[in-house]
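**Student:** These protein sequences, in sequence, are chains S and B. Following my numbering, the numbering of the first sequence begins with 2 at its first residue and continues without gaps. Following my numbering, the numbering of the second sequence begins with 12 at its first residue and continues without gaps.
Computed cross-link-like contacts, DMTMM-like style, restricted to lysine to aspartate or glutamate with a CA-CA straight-line distance of at most 25 angstroms:
#1 B:Lys113 - B:Glu183
#2 S:Lys80 - B:Glu89
#3 B:Lys212 - S:Glu32
#4 S:Lys136 - S:Asp152
#5 B:Lys212 - S:Asp30
Example chain B residues on the side facing chain S (calculated, C-beta under 8 angstroms, incomplete):
#6 Val52
#7 Ser202
#8 Leu215
In case anyone wonders, no lab produced these hints; they're calculated from the structure. Just so you know, even glycine gets a beta-carbon here, dropped at the ideal spot from N, CA and C.
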Amino acid sequence: MADQNHNPEYDEIEGAEDSQTAELVAYLDGELPEQDADRVEQLLLTNPPLRRNAETLDRTWQLLNSLEEATASGEFTQKTLASISTVSAGSDVDKATDRRWSLKKHLPWSVITRGLIWCLAGFLACSAGLLLSRKARRERTDPTDAQILKDLDLYHQYPKLWRIPDVEFLKEVFENAKTAPVSKEQP
Amino acid sequence: MRDGVIGLVSQTFQNQYLSDPDVQLMLKVSAGDNAAFEQLVLRYQDRLVGFFFHLVHDRSACEDLAQEAFLRVYRSRERYEPTARFSTWLFRIAHNLASNQKRGAARRREIPLGSDPSDHDFRPQEQILADRSALMPTRQLDSREIRDVVRSAVEELTEGQRTAVILHKFEEMSYEEIGEIMGLGTVAVKSLLSRARGKLKESLKKFL
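Next up, chain B with everything else stripped away, as it sits in the complex:
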């Protein structure tokens, strides 16, 4: 009786994702339809490459990571069950991949995936801005310089804050979706993003 109820609830939750067209494509992939997989790659390749690019800032590395994420999707096709929206599932894979890569890179000190203050010779954002201002006292920083400073400010965030910011800002994901991807509750995501925005505000206050 109890198992029956649990099964029914589980089915109900699964069914709510069946309306997602990408879930339908993934179900076709699990049934052996490689053309459906190609469609998914075409739909998500730019988003995935963009997501990794914000983390690694290296075009070749971000494409390798995106390709690996798609490979993982393909490898798990036979076990696939629609327990979330396809995009949530895909970005969860991407997030895990990025976290593993980050840990691996930290051990090997090979690929800098983002940068933590402890990872290399770190200068506070304030100092970078001050240096730039000292070099160019009379003119405004150009867009490239602003971009570099903003990028440094984002890199100052913790890994969790950075991921949450990228998912929310560039993937336009809700707190709930970000929570599902990162394995967090909505309140924790709210806190991450609030702290991230506070930190960014501090780092970039000279531009505001």
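Just chain S, same shape as in the assembly:
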């Protein structure tokens, strides 16, 4: 698994590395196989400079104990659990959205087509109903009202017509119009 995630940034194995120090450190860390550990122990017994180096490396490691350490504050647990409840709520909304999308995704075409046909039929039925209701309303109109509507233009001319004194006057105007030449300048 480690090799799959291999990160060359940290790969610091170089030819110049002191392999003896690496082995000594691994020994101090308890990471050497038993056989290798025995060999290093023998070396330490017979090689004082190596032993001094091992002791220095060990003391260096002990100095790290002086570093300040931290633990979680009193409210850390509550804050963390509160933040995950927000995530939970968010994920519920996401799931609902996903369900809607997956419904659209998995709905068969036949169902979609059938739905569209039903929508079209509904639209046509509504239009026809509207037209029929308008026609029926027109037919239901009162005859007197219908005559008034028919003579509406005449009623608009009423202010001019009321000046006509009698029928004879109209006849005279009609006769004059027939005999008089048509003037092109005056309409």
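We have chain S; now place chain B onto it with these hints.
**Tutor:** Same frame as chain S, now just chain B:
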């Protein structure tokens, strides 16, 4: 046939982690048990905060990072598969988070996550020690001063060395676990720690 064998091998590897009680808790979390998640938070919060604190040296920032790591665990609960010990998986998330934060901070120059020599006005450890010694020639450095010097020495390490040192020293993780967390082979971890210890020895030789 081949797929069957691969599946069997994969199952075998997965099953070896099923004995980890924290893996069991995480499996409960993935089944929707939030009480199990609370238990995991309680078990790991101090370790995670401590890990980040060694990297950022800021209590508020390290708690934010630890909280984000737990959030990532929770968010990935439905995809969780026990392919490692829970602690290894959790610290891998934490390590990735710290690396991303470090890269982000380097771009923005906002939060100093540890410090590389190139990140700010850097003085060699030798010089810091010499300065301190010059100020206090006749007395021993007190524990706080030693702590500051050790901290500076740790900050001098590369990001990889520092992470490996923290995981090994304070989390008592094996080379193999550190490798799994950092995406390295065991030999590379051995090399990182050897170089780190060599560097620390040089930086702190006046105390040794």
